[in-house]
Each structure stands twice: as C-alpha cells, then as structure tokens.
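Whole structure, please, built from the sequences with the hints as guidance.
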Amino acid sequence: VRRSATSLVLVDGSRREAQRFATLARTAVPQVRAVLPRWAGGLVLEVPATQQGLERALHARPGQYDGIAAVTTTASGSHSRTAPVHIYVNPAVFAPLKPNGAQVVVTHEATHVATGAATSPSPIWLVEGFADYVALRAQRLPLATTASRIAALVGRQGAPARLPGQAEFAAGAAHLEARYESAWLACRLLAGRSGTAALVAFYRAVDAGHPVGAELRAHFGFGLRGLTAAWRSVLSHLPA
Numbered sequence: 001v002r003r004s005a006t007s008l009v010l011v012d013g014s015r016r017e018a019q020r021f022a023t024l025a026r027t028a029v030p031q032v033r034a035v036l037p038r039w040a041g042g043l044v045l046e047v048p049a050t051q052q053g054l055e056r057a058l059h060a061r062p063g064q065y066d067g068i069a070a071v072t073t074t075a076s077g078s079h080s081r082t083a084p085v086h087i088y089v090n091p092a093v094f095a096p097l098k099p100n101g102a103q104v105v106v107t108h109e110a111t112h113v114a115t116g117a118a119t120s121p122s123p124i125w126l127v128e129g130f131a132d133y134v135a136l137r138a139q140r141l142p143l144a145t146t147a148s149r150i151a152a153l154v155g156r157q158g159a160p161a162r163l164p165g166q167a168e169f170a171a172g173a174a175h176l177e178a179r180y181e182s183a184w185l186a187c188r189l190l191a192g193r194s195g196t197a198a199l200v201a202f203y204r205a206v207d208a209g210h211p212v213g214a215e216l217r218a219h220f221g222f223g224l225r226g227l228t229a230a231w232r233s234v235l236s237h238l239p240a
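Here my numbering is used: the first residue of the sequence shown is 1, the next is one more, and so on.
Note that these hints are calculated values from the structure, not bench results. In this text the structure is predicted, and so the values were computed from the model without any measurement. Do not take every clue at face value.
[Claimed, not checked] What follows is a set of in silico ranges between Cβ atoms, one per label pair, in the way DEER data are often shown:
| hint | residue 1 | residue 2 | range |
| --- | --- | --- | --- |
| 1 | R162 | R16 | 43 to 49 Å |
| 2 | G53 | A229 | 42 to 48 Å |
| 3 | A173 | G209 | 25 to 31 Å |
| 4 | G221 | A170 | 28 to 34 Å |
Every residue, glycine too, gets a C-beta built ideally from N, C-alpha and C.
Right under this line is the structure:
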C-alpha cells in the first residue's frame with residue numbers, strides 16, 4: 001500500500017512495483033489538473049497480481065479484459081454517480097508498457113475518475129477521446145506515434161463513416177487501439193478549433209445530459225455532421 005495526499009495505491013506485488021504505481025498515480029494528478037484545475041485528486045488504484053485476479057475483482061468473465069491495460073469503474077458495480085470509483089490495472093497488459101505508455105494509461109484513467117466517466121451518459125468517443133486528450137497533452141510524442149494504428153487502418157480501409165461507438169470500444173473488438181486513437185483525434189480537432197477550455201465546457205455540458213449536436217454548435221460552430229466530416233478529413237491526411 002502506498003498513500004499520498006492525492007492517491008491510494010494497492011498492489012499485490014513487490015515493493016518495487018508498488019513504488020512504480022505510486023509514482024505513476026502521483027504524476028497523473030497534476031497532469032489531469034492542468035486541464036481540469038477544479039479537480040482535487042483522490043485516486044484509488046488497485047493492481048491485482050494477475051489478470052485472473054482482476055477478473056475476480058470485477059466479477060468479469062474469463063478473458064473479458066484481454067488487451068485492456070486498465071479500467072475505471074465503480075468499486076461496488078453501482079451505476080450511481082455518487083458511487084466511489086477505482087482504477088483497476090490488468091498486470092498482464094500493463095507490465096510490458098514503457099514509461100511513457102504506462103503514464104498515458106494511468107493519466108487517461110485518472111481523467112475518467114476526475115470526470116465521473118464510469119457513469120457518464122456521454123457518447124463513448126467523447127469519454128475516451130477526452131481522456132486520451134488529457135493524457136497525451138502531457139507527453140511530447142509525434143503524431144506518427146500517437147496515431148499510427150488508425151493511420152494504418154485508414155490506409156487499408158479508408159476513413160470510417162462515423163465516430164466510434166460502443167461496439168468499437170468493446171473489450172476484444174477488432175482494431176481497439178485504433179478506435180482510441182480516432183476518438184482522441186476528434187477531441188484534438190475540437191480543441192484545435194476553439195481551445196482546451198471550449199473542449200472542457202463541451203464535455204461538461206454533454207456529461208450533464210445536453211444534446212451533443214447543440215453543444216457542438218454552441219462551442220465550435222458546427223454540428224455532429226460537420227464534426228464527422230472534419231474528423232474524416234483529419235484521418236484521411238494522417239502521416240503514413
């Protein structure tokens with residue numbers, strides 16, 4: 001167990017592993033606050049010894065989290081917006097990550113905690129794209145790295161017709177990492193058009209239940225059709 005003023009980390013493993021995750025959690029908090037300054041912190045991060053331990057903790061079916069490095073969800077399984085939320089790490093997928101990748105994952109999940117994403121009514125492309133926007137904003141990584149999978153997929157299949165939905169983000173779905181990258185590019189596009197503050201205001205409005213199209217027009221000057229067209233253009237011009 002490792003505690004700080006902003007995080008609680010519980011690791012079924014060595015002291016070295018516990019310290020690694022404690023450092024990742026402590027680093028994630030200011031990275032999220034750079035975009036969401038009103039968030040006070042308060043991460044709880046749990047790291048089982050194995051993927052099977054993760055599945056038991058989440059009452060998940062075997063293999064449900066294959067390929068997923070971490071998940072943020074309510075500790076009780078409740079859908080209440082006031083339920084406590086924890087980050088659960090899948091050590092089988094997380095362990096091989098390099099330092100930058102590991103930090104992106106933890107900051108992404110910390111963003112979910114800060115925004116109550118586990119019970120948000122927002123479309124999943126916005127929830128996941130916004131979390132990646134916050135996490136990748138803190139890194140100095142080239143687009144050829146952060147969008148390599150979606151660039152390759154578009155090169156083979158062309159730009160998708162619509163923003164990714166629940167089916168594309170389901171655990172075990174084909175091209176899952178590419179879908180995350182595509183959602184991030186949608187949020188990056190919005191921030192590039194009107195700034196990070198506008199993206200945050202848009203996210204909060206949609207999270208509060210306001211219609212996506214109306215909020216897009218209010219903050220960015222186009223609706224969902226306009227966003228989709230601009231996003232498809234971005235995807236079609238990614239570096240190979």
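Now the hints, each set against the structure:
no., hint, result
1, R162 / R16: 43 to 49 Å, "holds, 45 Å"
2, G53 / A229: 42 to 48 Å, "holds, 45 Å"
3, A173 / G209: 25 to 31 Å, "holds, 27 Å"
4, G221 / A170: 28 to 34 Å, "holds, 33 Å"
Violated hints for the displayed structure: none, as all numbered hints are satisfied.
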